Amino acid sequence: MVKARLKVNKAGFPQYIVAGEQLGAGLSLKPEHLDDILALPVEQLVTNNNLWFEVHTENYFVAGGPRLNYLRAVRENFDISFHGVGGSLGSDHKSMLAHTKRVKALIDEFQPALVSEHAVWSKSDGKYFADLMPLPRTQDALESLINGIDCYQTGIGRSILVENPSNYLDFISDMDEPQFLVEAAKRSGCGLLIDINNLYISSKNTGIDALDYLKQIPAELVGEIHIAGHDPDPALGQSLLIDSHAAPVATPVWDLLAQAIEIFGQRPVLVERDANIPSFTELMSERETAQSYLNQSELESRLNISHKEVVR
Amino acid sequence: MSTNQYIDAFTRYLRTGDPSAMKHFCENPSHIKRLAVYRNGFYKGCVDALIANFPMCEKKVGSENFRKMARLYVDRFPPEQGTLVGYGLSFPDFIARLIKDSEFENKHIFEVTVNQQSASDLYMNLVDIAHLDYAWLMSLMSADSIEALTIEHITQLMEQGIELTELNVKLSPSVQLLSVNGSAFFEWISLKTNNYGVDQAKSPTDDFVMLWRLQGAVQARSLCSAEVKLMQALQGTGRSLGDAFDAAVTVDENFEVSEAFTACLQNELLEIQIN
Chain A
83 MVKARLKVNK AGFPQYIVAG EQLGAGLSLK PEHLDDILAL PVEQLVTNNN LWFEVHTENY
143 FVAGGPRLNY LRAVRENFDI SFHGVGGSLG SDHKSMLAHT KRVKALIDEF QPALVSEHAV
203 WSKSDGKYFA DLMPLPRTQD ALESLINGID CYQTGIGRSI LVENPSNYLD FISDMDEPQF
263 LVEAAKRSGC GLLIDINNLY ISSKNTGIDA LDYLKQIPAE LVGEIHIAGH DPDPALGQSL
323 LIDSHAAPVA TPVWDLLAQA IEIFGQRPVL VERDANIPSF TELMSERETA QSYLNQSELE
383 SRLNISHKEV VR
Chain S
10 MSTNQYIDAF TRYLRTGDPS AMKHFCENPS HIKRLAVYRN GFYKGCVDAL IANFPMCEKK
70 VGSENFRKMA RLYVDRFPPE QGTLVGYGLS FPDFIARLIK DSEFENKHIF EVTVNQQSAS
130 DLYMNLVDIA HLDYAWLMSL MSADSIEALT IEHITQLMEQ GIELTELNVK LSPSVQLLSV
190 NGSAFFEWIS LKTNNYGVDQ AKSPTDDFVM LWRLQGAVQA RSLCSAEVKL MQALQGTGRS
250 LGDAFDAAVT VDENFEVSEA FTACLQNELL EIQIN
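Note that the protein sequences, when read in sequence, are chains A and S.
Going by our numbering, the first sequence opens with residue 83, and the numbers climb by one from there.
Going by our numbering, the second sequence opens with residue 10, and the numbers climb by one from there.
Bear in mind the hints are in silico, worked out from the structure with no lab data behind them.
All of these numbers come straight from a predicted model, not from anything done at the bench.
The beta carbon of each residue, even a glycine, is placed where N, CA and C say it ideally should be.
Do not rely on the hints blindly, as some may be mistaken.
Looking from chain S toward chain A, a few residues come up when the C-beta cut is under 7 Å (computed) [what the hints assert, rightly or not]:
id	residue
1	S11
2	Q14
3	G50
4	I60
5	Y82
6	F86
7	P87
8	E89
9	G91
10	A152
11	E156
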């Protein structure tokens, strides 16, 4: 399997992300499913194609109690990933230190396989706007994002993966999104988390070419892939797709995932679900589909290797 | 165009709903209405967090009324940290001011549905129910005890010949104490348990309520005057067990000290104060 080696940044954090070696397809960890997860037979875990779970880091900003205990119980048998939604890498870095202090405490205890955040802004003038607002893709915003990633990585003492946003409209920009993200990654030493559903939504909402986008991202920068469901806007319908995480993964998103795996190679793939939570069995079935894409890719890469050996 | 100007304009839109300052930053001016997705996401995130953090309050006034009140709170007090865990610290006080203002202006905040008796019934106890919801949340998320005082622990100390009355103890971090109006605690319990048969007779005196976490679940009960004195004595940095129980006995000389102490141990209410 492929190891994605990321550029060493100036603070000299550990920069290796074992992509695909430890982790297969994972799921968002939902409190509703804890009993099902803890009831999974331990002997199946090893053969379970490296199932893992991702949580929103800030949901665990608690001093103690059952929430942390549940996560501890899950962590005993599974790898986990911390996915931040409140870091505001693109703006208002004054409160970053206090934020990353809490993230670091969780990282120290839970030793997550992956840590990620978003290439967006969500804080301004000391207020937190609890959503993921895109940045204008300008040199100025790029500097701000790189500074934010640097503050975050310095605060937690390791590198992170940064996720592409969902775009609902275009803002005035100096560069396209792949350029913007790749530049941020190369200059900060972070990796990228490519959210295929966000990319699909952005392509439909703003008319970009999703495949061309994927081809512009160097595979070695990609440490994780997300897929999720989306919904049409209640008023504007299919002309505006919303990143709801409230529906099963749509067929075109699965198709784009297949293309992404072909371009990037095997990477941990997360099936995200945050609303209209279905049964664990139903979510596991979606996760099995994602795993089958990874298995198929692995099989093809092995066949390619064997073929080359026969030819030689 | 600087990033700061863009974020200031976007912030203004999120706070006011006025997109005019964002026009300069949008590639396609006909798409400016799409900014609403972000504003809706902001409000939905915050309102959903308030619903999660104040569940009995929402149950009492109904979803629509609660959402209306929650949106007003988000307008006035947007979150200040990059998390919605614990959002709503000042929500109970905000509700109190809202009710006071509505009474002053003689305008009702809530729409009364067929199942609800009157707006004044909805106001009654609402602030205290919000306080109880928040205290429940704080108890649930509080730090775990470093060294909870248990019956086994006490047995060991007694075997070591340690004089228990001199033992310095304090309340465990999950213990929340609050005073609420007359029937508010009973109403909160009945909302929580869906047991509307619970006696909600109005009481002229305040209830002193204690919430604490035992084996991951939050418990709640009202305290008698001697128990209040005991718990107050053990708040903060704590006190010796002897002093704390003496304080309780001064309020009620018939206070059953051994019974109360056993209950404290069984419910893991105390931890040893390490100096």
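Going down the list of hints, with the structure as the test:
1. Look at S11/S: its Cβ gets to within about 6 Å of chain A, closer than 7 Å, so that hint holds up.
2. Residue-level restraint check for Q14/S is violated (minimum Cβ-Cβ distance to chain A is 9 Å; threshold 7 Å).
3. The interface hint given for G50/S is met, as the beta carbon of that residue sits about 4 Å from the closest beta carbon of chain A, less than 7 Å.
4. The beta carbon of I60/S comes no nearer than 13 Å to any beta carbon in chain A, farther than 7 Å, and the hint placing it at the interface is violated.
5. Taking 7 Å as the C-beta cut-off, the interface hint given for Y82/S is violated, the closest approach to chain A being about 13 Å.
6. The interface hint given for F86/S is violated, since its Cβ lies 9 Å from the closest Cβ of chain A, which is over the 7 Å cut-off.
7. The interface hint given for P87/S holds, since its Cβ lies 5 Å from the closest Cβ of chain A, which is under the 7 Å cut-off.
8. Residue-level restraint check for E89/S holds (minimum Cβ-Cβ distance to chain A is 6 Å; threshold 7 Å).
9. A cut of 7 Å between beta carbons decides the hint on G91/S: the least distance to chain A is about 3 Å, and the hint holds.
10. Because the smallest distance between the Cβ of A152/S and any Cβ of chain A comes to about 4 Å, under 7 Å, the interface hint for this residue holds.
11. Violation of the interface hint for E156/S is found here, the shortest Cβ-Cβ separation to chain A being roughly 14 Å, above the 7 Å cut-off.
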